[in-house]
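J.: Residues per chain, in single letters:
Protein chains: 6
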Amino acid sequence: MLEKPASPIRFKRLLLTGAAGNLGKELRPRLRAYCDVLRVSHRSDLGAPGAGEEVMTASLEDKDAMLALLDGVDAVVHMGGVSTEQPWEPILAGNIVGAYNLYEAARKNGVKRIIFASSNHVTGFYRQDEVIDTRAPVRPDGFYGLSKAFGENLAQLYFDRWGIETVSLRIGSSFPAPVDRRMLATWMSFDDLERLVVAGLTAPIVGHTVIYGMSDNATTWWDNTHARHIGYRPLDSSDVFREEVEARQQTIDRKDPVALYQGGGFVAKGPFD
Amino acid sequence: MLEKPASPIRFKRLLLTGAAGNLGKELRPRLRAYCDVLRVSHRSDLGAPGAGEEVMTASLEDKDAMLALLDGVDAVVHMGGVSTEQPWEPILAGNIVGAYNLYEAARKNGVKRIIFASSNHVTGFYRQDEVIDTRAPVRPDGFYGLSKAFGENLAQLYFDRWGIETVSLRIGSSFPAPVDRRMLATWMSFDDLERLVVAGLTAPIVGHTVIYGMSDNATTWWDNTHARHIGYRPLDSSDVFREEVEARQQTIDRKDPVALYQGGGFVAKGPFD
Amino acid sequence: MLEKPASPIRFKRLLLTGAAGNLGKELRPRLRAYCDVLRVSHRSDLGAPGAGEEVMTASLEDKDAMLALLDGVDAVVHMGGVSTEQPWEPILAGNIVGAYNLYEAARKNGVKRIIFASSNHVTGFYRQDEVIDTRAPVRPDGFYGLSKAFGENLAQLYFDRWGIETVSLRIGSSFPAPVDRRMLATWMSFDDLERLVVAGLTAPIVGHTVIYGMSDNATTWWDNTHARHIGYRPLDSSDVFREEVEARQQTIDRKDPVALYQGGGFVAKGPFD
Amino acid sequence: MLEKPASPIRFKRLLLTGAAGNLGKELRPRLRAYCDVLRVSHRSDLGAPGAGEEVMTASLEDKDAMLALLDGVDAVVHMGGVSTEQPWEPILAGNIVGAYNLYEAARKNGVKRIIFASSNHVTGFYRQDEVIDTRAPVRPDGFYGLSKAFGENLAQLYFDRWGIETVSLRIGSSFPAPVDRRMLATWMSFDDLERLVVAGLTAPIVGHTVIYGMSDNATTWWDNTHARHIGYRPLDSSDVFREEVEARQQTIDRKDPVALYQGGGFVAKGPFD
Amino acid sequence: MLEKPASPIRFKRLLLTGAAGNLGKELRPRLRAYCDVLRVSHRSDLGAPGAGEEVMTASLEDKDAMLALLDGVDAVVHMGGVSTEQPWEPILAGNIVGAYNLYEAARKNGVKRIIFASSNHVTGFYRQDEVIDTRAPVRPDGFYGLSKAFGENLAQLYFDRWGIETVSLRIGSSFPAPVDRRMLATWMSFDDLERLVVAGLTAPIVGHTVIYGMSDNATTWWDNTHARHIGYRPLDSSDVFREEVEARQQTIDRKDPVALYQGGGFVAKGPFD
Amino acid sequence: MLEKPASPIRFKRLLLTGAAGNLGKELRPRLRAYCDVLRVSHRSDLGAPGAGEEVMTASLEDKDAMLALLDGVDAVVHMGGVSTEQPWEPILAGNIVGAYNLYEAARKNGVKRIIFASSNHVTGFYRQDEVIDTRAPVRPDGFYGLSKAFGENLAQLYFDRWGIETVSLRIGSSFPAPVDRRMLATWMSFDDLERLVVAGLTAPIVGHTVIYGMSDNATTWWDNTHARHIGYRPLDSSDVFREEVEARQQTIDRKDPVALYQGGGFVAKGPFD
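Line by line, the protein sequences give chains A, B, C, D, E and F. So for the first sequence, UniProt numbering puts the first residue at 1; every next one is plus one. So for the second sequence, UniProt numbering puts the first residue at 1; every next one is plus one. So for the third sequence, UniProt numbering puts the first residue at 1; every next one is plus one. So for the fourth sequence, UniProt numbering puts the first residue at 1; every next one is plus one. So for the fifth sequence, UniProt numbering puts the first residue at 1; every next one is plus one. So for the sixth sequence, UniProt numbering puts the first residue at 1; every next one is plus one.
Pulled out of the complex, with its shape left as it was, chain A reads as follows (with noise of 0.2 Å):
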């Protein structure tokens, strides 16, 4: 948790999907800061709100759920759904099906403002000697980069049909630290993540924003320069990590398309080949 709010900037109700995801969890606490009252959903059971918390069940298949959980929200802060690589029926239901539940209850609610994971697996099949920027053509590495891709471009369609904003995050690999060499490239620390999901919720105008979700690594494959307008300024760094990853994974295989693609272990085993 930030020691001090990334912005005073409060919305009276923000929605938290997946608040029992690993980042979910993560940004549950932190989102505190900027609303008067932090609604968090998860497909099973939360237990009890804490304090300035609205606890809903909801799954994301489950139409009926979604308008309700929509209900009197200012904007979404969207972590739900699947969130690795998985079979293609789950990851159809939560992030195909769920995400356009999504963004109909946003619709039919009048939400105007969705924060949306996407990940960078959406494009994990460019190598990573390429540096890509947010207009690439997409090139995901498996389904689960595929469904993202589909919800951004969901994401696109509302804005250029409803007017419905959102700022879609190639979340990187957002872990309390780098745990590879890989990660030194990709690497997001929650404290950044935190000052990204902020900065997505309160910059003025977005349209449908794609923006890469790093901190400020030396090594880096994706160029964020058509996004400067969300005003992201990563404070963190894999940098200090460098010297204990390094020393931990002396080699590469360069032969081995985990080693190739920026999407990593994405690339090499899933549960359907």
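Worth flagging that the hints you see were computed from the coordinates, not collected in a lab. Remember, predicted model here, so these are calculated numbers, not experimental data. Take these hints with a grain of salt, some might be off.
Which copy? The list can't say, so a pair holds if one copy fits it or any two copies do.
[What the hints assert, rightly or not] Pairs of lysine to aspartate or glutamate residues, derived as EDC-like cross-links and limited to a Cα-Cα distance of at most 16 Å, are as follows:
1) K12 with E243
2) K4 with D62
3) K108 with E3
4) K25 with D45
5) K112 with D191
6) K4 with E243
7) K108 with D64
8) K255 with E53
9) K63 with E104
10) K4 with E244
11) K63 with D180
12) K25 with E53
13) K112 with D253
14) K255 with E54
15) K255 with D64
Model the placement of chains B, C, D, E and F on the given structure of chain A, informed by the hints.
T.: Showing chains B, C, D, E and F alone in chain A's frame:
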């Protein structure tokens, strides 16, 4: 039908899906020239096969039926699925689940080339005074366009991961003749459609290539420079219809989204608003 | 004059300014085919109107005269103003103050489409071994080119702010025939000029579009890709004059700015140096 | 004023025009550090010269006065002219005729470097969710922006034709502090303004270079990549004001052109509508 | 040979190197139409001169011989050197040392225009499903392509430093007819070769221009947009051979580098692996 | 030497060529920290090896010596060859034949990573008011730059064909301190040189990557965006020398090619003119 086939290259067995649809009906007799056996399919019964044909009934949502449908096939011309703006559910079924089933069936059956009927509605929210190329970020104009963008990304994934090649045809307006001034830009004759499909089937190396499907029209919004390796050379043009079309439709309401955006009528009306 | 009009679309009243200028004289009889009434104007008296014509005298510097001139007009073909390199004062009067007066008159009279005779001299300081498109930063070759760049920017402003559409024609060299080797690149036949003006008048949506005015010449320095929505298809070519022109002008002095820069003679000599 | 001059390079005589204007008043005491003599001018009387100063009164519209003003000058910092949206006539006089007079005076007096106070309003009709670079086609948001675009093109001409170098500063918002959320993107401190002007004056080779004038703000719409040779490194940032500004202006009306376009207030209101 | 010369421009003395090579033999009788004297050279004896010819023997590695060879010459058509993949040593001698000797001889003799037979193998490691333009970074497919890239850079240097102009022709496959499906993309007829060489010789200003040498083929991987100022308009096309070629070569092995890369056979086999 | 090594990754045996050259001497003691054995070589005798060193004498022109030199080596830092503008012959020997011998030796010995000391003189004929990225077409400023462009293309070939990875460092000016105003843009400290070499050695996947070698200077002409995957983060800057350098060199002669072009002194003088 072209007087002479566009290529002497022959496939043992070609599959045409959506054979009872508007473009399917046009392509069905034409494709017989390029294969020993033309397998045609539709969700509803197609009646008795013609000479050199095999007829199968298969719904795109039916995984097993799709698996059987692609068995023994060299290449697929995928015209099946929903081809107009519709509510979400039928589009989900036919164009998202259906596309997945088709590609899985291709992967399991070792089919290596697919011609995918995508649509100009993938980029329908660009303005009619903009010229875009095939790498411009997508801006679908509705659920139909959104589902076609999904299909293109799916095709990219199946190429990057499993080497299945696809030519995604962003078909403009393939009708006997252009019926309004928008179609002076988007029109593609049936003969040019045949040329384009055959070019896609016979080009030696295509990876995943996106190409707009249009005749050699004086007015156009689309630049196919990145797809020149397909070898598509249109020989028809909307220009011969210009006088008649313009005479019929003298005025344009420039404030109407239908006139402003490339997607035309798809932008303005939908069953879902 | 084309044997057959380039379009059946007819305007009630078209205004042609600069009707006694070089290109105005060419266009005057041609434009009658596209309107019920052709209003023609010049700073000096044009004599009696022809059939289907209205004649007005108006100086571009005269705000009130311009306001009256555009009253009741559907669209304007603005060929008026200074069309050669001149000292600053006449260019200021005719092409800067005059352009402002024209657009103000259009705004006040509700005129919604202007064809603006801009010039290749807006980019005359690019070299003859460079190919530029319509988005390249301007490099005017003199006060004339500078004033035309002003006119284009004015057109952009009146579109962005008040929705008045303009097609800015960066005319190359519109003469009966190319007279030197530079014109093999820049030449536009009078018939192609008519085609271009009519395309600009009748294209459904143009916003503010810049397009170079040239025939289908083998040699060219300009790329109109971004203006394909205008639907201009030149049918003439400088190629038929190539032999004669090259025979006449066998040698080029490559150190002469006139030979080096696209602006040709405009680069080298001026009344102001 | 910087504690220490930004460069030890000294000019014999620098000219600062518009010395009584908002930015002129800021720059006047600062520029003394960079020259033996600072000539300051304004259209109205500036009173007695300070130490190391020469004072002249000169109206930009007055050709002869401008010729005298630039006599014996090494370089010009041109802050004069109209600096707000105004009706056409004063803008024409000060910023179009005036800019011409300035450059003609430079040419006749052999002055070889000009720092031209252009403006972000040259591109004010881009949206606040777009990031543009210095080569994007101009989209002025009013007559003021239009006149600054003219000045930039004039500068390009005088470089291409006569070798007079200019750095055109597209100044964002140079005030003591940002007063609204738009200025979090556009703000430039007075110290950074000094750094930018001095960088422009002392960079060895500039040709005609366009650069946006802003501090090191987290939020920005502008990319100065093409101007890195100027060597401008901002040391201030609007970020330190963010909390206060956002607390004061919690909400944005996203349908208001003032919020939507980069030009902000200049887009919405004008004395001329 | 063209029925009529492609241009009436005549040189006093043209030099054709490599006159006994495959393309040299084609060009030798054709070039006589464009000069008073055609000097032809080869490393081996060319026999007696024809009418209007001078014959010289000169090895590219022989500095003095090259100096003599270019004496009194207006322009050079440089077809000499190694033109197939070879071990390093002969390529070094003919195409690197030889190219240097040629340009030094041009500089010392005041020759101001060279047509340099470069090759598509300069970019042979791009894939056959990619379309590149003449500014794409080079990716040579072997020592031959590498040496041609050297020649192009040498040409650039001699233009930037000494004003010697070159048109570098990245020749595809210039044969009587395309012999396989790759050549449907790369083929250039001998007549088009003549048109291209003459366009390069006679274009007024070329600096150093790179252009791909191909006929007007439906299938292509190369975009000559940046070279339109050369005025090359191909009039032949591989399309007339398509049926025959495709009938002969029905299948492609998409895993074979020969099929995958633009360089074709040059990619796969070499005397050096 | 950095206080602490830039990376804990250690090689068994690193080769440093040109160890007695200017940069070789700087790198020799620094590289010992990154390997068990540092093999150093030069064309002349290097004397007795230091601790952890192997010393070899090898001329780049000597194929067999190079083959022996790379035997048993993990990676090469190639600082050898000619590093100033020279007549053609020594450059041919050291930088063209020598580079070929080095890469052949790498291929035969199975060496998989090379750091190649290229040079900013590969693009020295761009102007000092232009900012270029690493994909801009090369414009060498002399034979030295030409030979470095050859080396880069050779590296590309050996990656595309044989999978040998290279980072080509286009080194600016690596000296103890910048000595003139040009070097304020081009300077790279020795510490940053070490950081850059180590980044190139340890980045997991590099293919063939080009990167400009410079410190974090305020003034720059080069954009390394496409090389961010290398993870090079300069920590020094020419800015600390700016005052002193500018005080010493107050004036620039803008008509001197040395001042105008990025190559500086290499553009103007040569042993060969």
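J.: Can you give me the call for K12 and E243, within, between, both or neither, at a CA distance of at most 16 Å?
T.: Result: close neither inside a copy nor across copies, 44 Å intra and 18 Å inter.
J.: Since the copies are identical, ignore which copy is meant and state whether K112 and D191 lie within 16 Å (CA to CA) inside a copy, between copies, both or neither.
T.: neither (25 Å within a copy, 39 Å between copies)
J.: Is it within, between, both, or neither for K4 and D62, if the alpha carbons may be no more than 16 Å apart?
T.: neither (37 Å within a copy, 54 Å between copies)
J.: Since the copies are identical, ignore which copy is meant and state whether K25 and E53 lie within 16 Å (CA to CA) inside a copy, between copies, both or neither.
T.: For K25 and E53, the Cα distance is within 16 Å only inside one copy (14 Å; across copies 53 Å).
J.: Please work out whether the CA atoms of K4 and E244 approach to 16 Å or closer within one copy, between two copies, in both situations, or in neither?
T.: The answer is between: 13 Å across copies meets 16 Å, while 30 Å in one copy does not.
J.: Are the CA atoms of K4 and E243 at most 16 Å apart within a copy, between copies, both, or neither?
T.: For K4 and E243, the Cα distance is within 16 Å only across copies (10 Å; inside one copy 30 Å).
J.: Pop the pair K108 and D64 into one bin, within, between, both or neither, using alpha-carbon distances up to 16 Å.
T.: within (11 Å within a copy, 37 Å between copies)
J.: Should K112 paired with D253 be assigned to within, between, both, or neither, using CA atoms and 16 Å as the limit?
T.: between (46 Å within a copy, 12 Å between copies)
J.: Within, between, both or neither: how does the pair K63, E104 come out at a Cα-Cα threshold of 16 Å?
T.: within (8 Å within a copy, 28 Å between copies)
J.: Within a copy, between copies, both or neither: where do K255 and E53 come within 16 Å Cα-Cα?
T.: neither (49 Å within a copy, 31 Å between copies)
J.: Taking 16 Å as the upper bound on the Cα-Cα distance, should K255 and D64 be classified as within, between, both, or neither?
T.: neither (48 Å within a copy, 30 Å between copies)
J.: Could you place K25 and D45 in one of the four classes (within, between, both, neither) given a Cα distance threshold of 16 Å?
T.: So K25 and D45 pass the 16 Å test inside one copy only (14 Å; across, 52 Å).
When each numbered hint is compared with the structure, violations occur for hints 1, 2, 3, 5, 8, 11, 14 and 15.
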